[in-house]
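Undergrad: Line by line, the protein sequences give chains A and B.
The first sequence runs contiguously to residue 492 in my numbering.
The second sequence runs contiguously to residue 225 in my numbering.
It is worth saying that the hints were derived from the structure and are not from the lab.
Virtual Cβ for every residue (Gly too), placed ideally from N, Cα, C.
Take the hints with a grain of salt, since some may be wrong.
Stated by the list, open to error - What follows is a set of in silico ranges between Cβ atoms, one per label pair, in the way DEER data are often shown:
| id | chain 1 | residue 1 | chain 2 | residue 2 | range |
| --- | --- | --- | --- | --- | --- |
| 1 | B | T127 | A | G263 | 56 to 62 Å |
| 2 | B | G24 | A | N394 | 49 to 55 Å |
| 3 | B | L139 | A | E335 | 38 to 44 Å |
| 4 | A | G352 | B | Q186 | 23 to 29 Å |
To be verified - Derived contacts from chain B toward chain A, CB cut-off under 10 Å, selection only:
| id | residue |
| --- | --- |
| 5 | Y25 |
| 6 | Q26 |
| 7 | Q68 |
| 8 | L69 |
| 9 | S72 |
| 10 | R184 |
| 11 | T189 |
| 12 | Y197 |
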Amino acid sequence: MSSKTAKPILRSAAWRISLRATLAFACGTMLVFIFLHRFVASDIQRRGDAWLSGEVEVLGDVAEQTTKNALYDRVVGEVAELVSKEVPNKDPSVGASNDSVFFLQTNGDGSLMLWVGAGSGVPNLKAIQADRIVPGSPSDLRVPGFGVPFRVASTRINDGSYIYLGLSERDELRVLRSLWLRFVLLWLLLVFLGFSIVFFTTKRMLSHVQRMTEAASRIGHTDLSARVPIAARNDEVGNLALTLNHMLDRIEISMHQLHTITGSLAHDLRSPLTAIRGKLEMSLSSGPQSEPSEQIVSAIEELDRLTDFLNMSLDVAEAKADALRLNRVPVDLDELLRVMIDLYEPSMSEKGLQIRLHSGGPLILEADAALIHRMIANLFDNEMKHLPSACTVNLRLSVEDNAASLLLEDDGPGFDPEVFPHLFERRIKGNKSTGHGLGLAFVDAVARAHGGTVAAFNCKEGGARLAVNLPLLAISAGQVVASRKMTITSSL
Amino acid sequence: MRLLLVEDEIDIQSFLQRSLEEAGYQVEAASDGKTAERIAIEGPFDILIVDLGLPDQDGITLILKLRQLGVSAPVLILSARRSVDDRVRGLEQGGDDYLTKPFALAELLARLRNLLKRNSPATSESTRLRVLDLELDLLRREATRSGQVLQLTPQEFVLLEYLCRNAGRVVTRSMILDKVWGMRIQPDTNVVDVHIYRLRGKVDGQGQKPLIRTLRGVGYVLKDR
């Protein structure tokens, strides 16, 4: 658990998903806003233009109908002032001095006739003349000295003079800018909110998946009763948990059936075997003491071999199905090998074989002692059965990556190339082999039940090599998969 | 020695009863848990043999029930399962023992003796073992035959000590592996035999009466007569 949560948040799937979702959301809302912004801007301009066109017509009429006397300037000027007070979108904070509107009347020859507005009006006239503003629809006008362009509408009146009415775009821009500002703030808030919601939702969902993964990896070889936690809601993740648990139910049932079958098979075979053996033994002891019947003796021996075969094939079958029950205790592999060598050495030297142990001292691992004993015995039996005399077996014991590594090397003929690819399968044995062909399958089964591996090689310089790898500590199934992956990559 | 045998397979029950009686036990037999309970309460028994697979109840349940009823005699459990159940392991720690089927009679008898010995008041451990003219000094780890010191390796001494402690009784290969090397394995090679041959070569010198005898199909015996 701790190793999983310690993983940087930036590498989690929840982070990636929320980042992508937020990016898409942010781009989408931004596009929508840009579209809206344009629409609003053009609408404001249209309204401004309509007002300008209307007012310039009114001013034109006023200028036309006002007699050209000394009061002309004052009358038209007053009207223009009045008009400028009705400016649309006007910022109320701006004081009476009005620089958002100007009124300009020129003579037919283009000289300034009347000016109402901020400044002298000369730069405005120059700009108008430079831009060649003609009567018709309003157009933009940039006047030096003013930061913001004007929207100017003009009309020609009967006396040959022109009237220009300019409306600064300042207010329009102010409205748009405030719109923009508000949007950006809201947008940031939304994006942040969206990101948080997506992130925490996916994180919660994935943490449930993570919990399921952890629970599933805890469901080991032996404990099949555990189940993954079920989500309260009936969504996809909840379904996944339910499906996993259904699958585990089925596995548990078939495992239980396997146990029942092997159990009853064992029982059904063992009871008659016990009775037969007992009767044979009794007839052996009741006969003449000095001359035991050869047939009875060999029958008992056959029976013991049959029992041994039965035991081992059941163990191999259970181990292949990951159903072997382990009773883990600390086992010193170094000491065990020394005892084993002590046990096997006389028979080996009788056959002309030598055995040597190269070990760095005590090596303790958590394992099922009885199974490990039988595994080592099988390895030794295997060497004794297949090696011709005058061969040497070298045992190398070491620790590599939290696992005990036991290497058996001999200088014999090596594995039979015909059986080599199937070395760890049941009932596989060389032509000259006298065993029941379960030895290495059993070794493999025990190693796998402990989360370890067995590998076989034929050395180039001759001889066979068996490498047994056993983890020092009991590990769960999930970690076994991970460690197997690692061995594959490292061996590549 | 009164012994209660609880075994539902009639074949096994009858041959066990016969051989146990031959070995000097006074045997009462029961074929199911109910009968066993009844008989067990009636008379005190020195030792019990209980098969795990009884028709009416589980052997473990029976043993626990008998313990509650005040039956304190040690129990030898017979099991047809190879993988030993945790509950059997628990009983084993409680002083009882188990044996998986099929078994050698010699081993059954040896385990019964062990259980009885464990339950009887401890006799002062002797530091010397003597079988005919063979003598073992357990403190100095030295063996002599007719006064002649035998050159034994430590492991051979342990093996000989085990044979001497069971002098006159049959010991099987798996018993030797269990007691001398401390492992319950069944090697399909002759590893134990070679040890015995070597030991015999040292113990039974030329001109001496052979002490270590091989009983083919059964095991070995160190003669005490």
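Undergrad: Measuring from the C-beta of S72 of chain B to each C-beta in chain A, is the shortest one below 10 Å?
TA: violated, 27 Å
Undergrad: Any CB of chain A closer than 10 Å to the CB of Y197 of chain B?
TA: holds, 8 Å
Undergrad: Less than 10 Å between beta-carbons is the criterion; does L69 of chain B satisfy it with respect to chain A?
TA: violated, 27 Å
Undergrad: Hey, does the T189 of chain B contact hint survive, CB to chain A under 10 Å?
TA: With a minimum Cβ separation of about 5 Å from chain A (threshold 10 Å), the hint on T189 of chain B holds.
Undergrad: Range hint 56 to 62 Å: satisfied by the CB atoms of T127 of chain B and G263 of chain A?
TA: violated, 47 Å
Undergrad: For G24 of chain B and N394 of chain A, compare the CB-CB distance with the range 49 to 55 Å and indicate the outcome.
TA: Distance hint for G24 of chain B, N394 of chain A holds at roughly 51 Å.
Undergrad: Once the shortest beta carbon distance from Q68 of chain B to chain A is found, is it less than 10 Å?
TA: violated, 27 Å
Undergrad: Is the shortest C-beta separation between Q26 of chain B and chain A less than 10 Å?
TA: violated, 19 Å
Undergrad: Is 38 to 44 Å right for how far apart the beta carbons of L139 of chain B and E335 of chain A are?
TA: At 25 Å between Cβs, range violated.
Undergrad: Against chain A, with CB atoms and a cut of 10 Å, does the hint on R184 of chain B hold up?
TA: holds, 6 Å
Undergrad: Less than 10 Å between beta-carbons is the criterion; does Y25 of chain B satisfy it with respect to chain A?
TA: violated, 15 Å
Undergrad: Okay, G352 of chain A versus Q186 of chain B on CB: inside 23 to 29 Å?
TA: Distance hint for G352 of chain A, Q186 of chain B holds at roughly 25 Å.
The structure does not agree with the numbered hints 1, 3, 5, 6, 7, 8 and 9 stated previously, though it agrees with the rest.
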